[in-house]
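Whole structure, please, built from the sequences with the hints as guidance.
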Amino acid sequence: MSKGRSPVQIRELEASAKLSRPSVIVGIPEMGLVGTIAASYLVEHLGLPEIGYVDSDLLPQVVVVHDSEPKEPIRIFGKGTLAVVVSEIPVTARLSYELASELAKWTKAKQGKMVVGITGIPSEDRVESAGNKTPIVLAVTNDENLRRSIKAIGAEPFEHGIIASTYAMLLKRCASLGIPNLLLLAESFAEFPDPGAAAAALQVLNKLLPIAVDVKPLLDGAEEIRLSLRGLMSQTQQAIQQQVTQTPPGVYH
Amino acid sequence: MSKGRSPVQIRELEASAKLSRPSVIVGIPEMGLVGTIAASYLVEHLGLPEIGYVDSDLLPQVVVVHDSEPKEPIRIFGKGTLAVVVSEIPVTARLSYELASELAKWTKAKQGKMVVGITGIPSEDRVESAGNKTPIVLAVTNDENLRRSIKAIGAEPFEHGIIASTYAMLLKRCASLGIPNLLLLAESFAEFPDPGAAAAALQVLNKLLPIAVDVKPLLDGAEEIRLSLRGLMSQTQQAIQQQVTQTPPGVYH
Amino acid sequence: MSKGRSPVQIRELEASAKLSRPSVIVGIPEMGLVGTIAASYLVEHLGLPEIGYVDSDLLPQVVVVHDSEPKEPIRIFGKGTLAVVVSEIPVTARLSYELASELAKWTKAKQGKMVVGITGIPSEDRVESAGNKTPIVLAVTNDENLRRSIKAIGAEPFEHGIIASTYAMLLKRCASLGIPNLLLLAESFAEFPDPGAAAAALQVLNKLLPIAVDVKPLLDGAEEIRLSLRGLMSQTQQAIQQQVTQTPPGVYH
Amino acid sequence: MSKGRSPVQIRELEASAKLSRPSVIVGIPEMGLVGTIAASYLVEHLGLPEIGYVDSDLLPQVVVVHDSEPKEPIRIFGKGTLAVVVSEIPVTARLSYELASELAKWTKAKQGKMVVGITGIPSEDRVESAGNKTPIVLAVTNDENLRRSIKAIGAEPFEHGIIASTYAMLLKRCASLGIPNLLLLAESFAEFPDPGAAAAALQVLNKLLPIAVDVKPLLDGAEEIRLSLRGLMSQTQQAIQQQVTQTPPGVYH
Amino acid sequence: MSKGRSPVQIRELEASAKLSRPSVIVGIPEMGLVGTIAASYLVEHLGLPEIGYVDSDLLPQVVVVHDSEPKEPIRIFGKGTLAVVVSEIPVTARLSYELASELAKWTKAKQGKMVVGITGIPSEDRVESAGNKTPIVLAVTNDENLRRSIKAIGAEPFEHGIIASTYAMLLKRCASLGIPNLLLLAESFAEFPDPGAAAAALQVLNKLLPIAVDVKPLLDGAEEIRLSLRGLMSQTQQAIQQQVTQTPPGVYH
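Residue numbers (this note's numbering), protein chains in the order written: chain E, 1291 to 1543; chain A, 1291 to 1543; chain Z, 1291 to 1543; chain S, 1291 to 1543; chain D, 1291 to 1543.
Please keep in mind that the hints were generated in silico from the structure rather than gathered at the bench. Among these hints, one or two may not hold up.
When chains are identical, the list treats them as one kind, so a pair holds in a single copy or across two.
Claimed, not checked - Simulated crosslink set (DSS-like; lysine-lysine; CA at most 30 Å straight-line):
#, residue 1, residue 2
1, 1441, 1308
2, 1398, 1361
3, 1361, 1441
4, 1400, 1361
5, 1395, 1423
6, 1308, 1398
7, 1497, 1361
8, 1369, 1308
9, 1395, 1361
10, 1403, 1497
11, 1441, 1403
12, 1395, 1497
13, 1361, 1403
14, 1506, 1398
15, 1361, 1506
16, 1308, 1423
Right under this line is the structure:
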């Protein structure tokens, strides 16, 4: 849009130099906070160091506090072949647009292998089974090879529908820069943080990438996570209501 | 308005070169989603290849997914003497203005024969007959010859009223570029997607253009289409409520 | 305001050259749609040809349809010493400002004799008499001679009050260009289109200008007009509610 | 703010030249319309001629009508050592800012002696006594000499509180240009126009300036004024609700 | 953001020259008005002279009145090693951003030792104990040394959560200029001004800085303060509702 300097900047810490053709996982709080829960768990479970953050006047005027220390709300962690972007705040329209562009450009500059978005999609099955049925993980991708491997990694094709907001822009921006982008949408609760849906997405990730994340601690701590994320959940639901909903319109193929 | 580069761009794929003085059909979701249903059915029924899409920062931040592949929400299909523009999202005020301008210019550049808009108009008859009466198709046109042939192609003249939004701007822009523009308004349900109204518009199109579209499959699949389009329907109704309504004011001739 | 090109342009058709120091009648839909009804009736009754229209990005994105032909919503009709501006859409704030400026300038360029605005003013008398009492027509003018002739033409002086929107700007702009401007406010219904109030304003016009308009057909067709204008009435009422109301504040003289 | 031409201009008529180091009284409709009532009464009672008006695109699109003649809504009257600014419309945020700046500059250019603002302040006493108790008049001033004479002119010091809108900006702008500014706040009704409060402010003015205004006719005509100002009252109350309220916060001195 | 002149300016009075590497206390009205009460009490108790104020078009159009004299709503007091910034109005989004930047820059220019923000955090304990339990004071800081001394000064670490608005921007801006910033959040009432919470914060300040403020008079005058601050309290609550809430989201460390 604007030809000048982007209103969103990715600031790197020194450790950032250690990345090597990384796969970039992106976790933004939307439906069920699935993206933020999965990405945060990855960071903690794999002990990934903080390597950068997103700086922008478009961000809300907040700092996130961890152990009495103020932190930026959207940070990047990683080492070796893995980078993880975690947002602890909902991302609204204008920021969405610019953040997706900058993340795609940053991945390009890092010679990243692919971008993997993780989020939730509302599911009646999930609600009716009271979370006891393992959530199906749907996949959308701009890359033909990835599209052929959807079933092999334990996901299902997403037949028809509309994807909105940051993940939609990420699909567009990655496509125009030639970066493979896979979006995983785990069936989730719409009203509560859903660690179970995050675990299902991570299981798919285990088959896609050379990682082996044990999701048992995530499932065991589900109740605690749900409580601690109540604040972010209600902010996210307000943000979602202001966006185009993720419902399937498609008439033809 | 702005003298610089338009905020709406029509991007062409290679196949676009194969058009030959095309008639350009435009289907945008409004009343009863008549335009989108009719245009989508044309594309599918005639097997028209994708030849371009609309690119703009004014578009909502969405991608439409078909078979796990992300697609632009406003696309152009066609071959030979026929081009079809299909929007899978409602088109709001500012975008309306620019989209109509660019479509008129693109048609001019392609030496297009005419532009045919398809949409619905609310009808009590349609509601009271529970959709059993064949919908009347009203016609408005900036071209004297087309106006004389309205009855011949099975439509009725639109006596007095106001036409709003994209189709109104299309009538204005085509007029100033000297392109004949015919707008077909099929009587339709206001509350539900109306494949029957779309079929009635296509019957008129069959008489206007050298095509022969069988609408029986469209009518047979009506219930399924209605269900699959619920999401787009509710978005469109919200968008319509923010626009000038299509009610007849006229006092004089 | 802006020093550059106005965002409102008056476009002339060829017939426009035939005007000769015209009195310019302006009919815009406000209270009771009195202005639009009176001006439209003048055009039809005197068979005035279309000689121009208002072009602007500030107009809503609509076309008005008459006999299947799309028309601009604000048009100018006239011949000889009479020009009539008719709007078939309510005119909102920003457009108001620019439209009044351009109409005053256009009148100046045409060496127009005066500008006569016609509109309604809410009246309890009108409501209580169920429209049976002949409406009083109040007059406001920036011209001393016209002010002295108010009673002679069958109108009454408007003692104290506020005039809002297009007609107010027209009074200001005409004053600064030295054009006499008379505003006629006929007592009218606030809730319904009021052809009777329009007829009363036309009777005053008959005494002011060298015209002789028979208002009987207007009164006979009142019911039909009221029905056909329901759509414009409800749009206009919404627009009025967003404006300063026409209620008298004045404390001193 | 803007370095260019102000969006508010004070236009002078010829009589304006006759001012001689004037005290400038400012009456803007706020609480109880006290300012407008007091200033209008001054103009009428002292027979002050119209000497200028405020011209601005920020004004609402209205004209005020007096005896069938359209007038600007904010006008300046005066002769000799007295100038009176009267607004017959509520003054909203942006206009407030610019109007105060221009009035201060104009006073400076006229070598004005001081600016005296008149307005109301809501009072439970006033309501409970049904207007029978003489309203107290509070005073705020940026000038040390005036502050010392507050009691001498029959006013009371305003201990702690917040003053909002045009009068606040006037205090700031006069201070930066070195013009003494006294603001009189008469206890008044919040819900009705309050000529009694205006009379109390005028009594203070009688002691401050070399004038002798008989307020008896104002008190006698109170009921009539209240009725004739209903329209402006309701507009003003709507405007006040959109502003910071005039309630005392102060913790320390 | 903008590269030009900041829309917020800190204007200094002469006394300002007397500061010597000051610690800068910042009191802005948020939860329980804790910041404004604590900072105002410091100013009054230590008899600090006024040394500057904040000037900006982003400020609301108000003056604060103390003893009939109009004052700027955000002022700076101080002498020697102490400066205190007190706002008597809530600080909204855009102003927040710029004010924090300018305060950080001003502290840098004064070679300030650190910035200490004081505010409240809602507490059920505070409500349930009817204010009888001594409020806990939580601390957040961008400085490692200060973080290690949190318990030593009688505060508690703030584990996880989000800090919004001016104090958040102040943490960010101080961090980028290398200024230590400590934010004290005293448990407070959300619905009432809370002098008890302000006293608790001042007790921590007594241990952090070379001052000895007796908080007994503050506690004794609590009821009076609560009454006199009702106006500011309700404005502040409205402002808070438009901001991101201060609730803990954190999933990981």
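* To do: Against the structure, test the hints numbered earlier, and report the numbers of the ones violated in rising order.
  => 1, 5, 14 and 16
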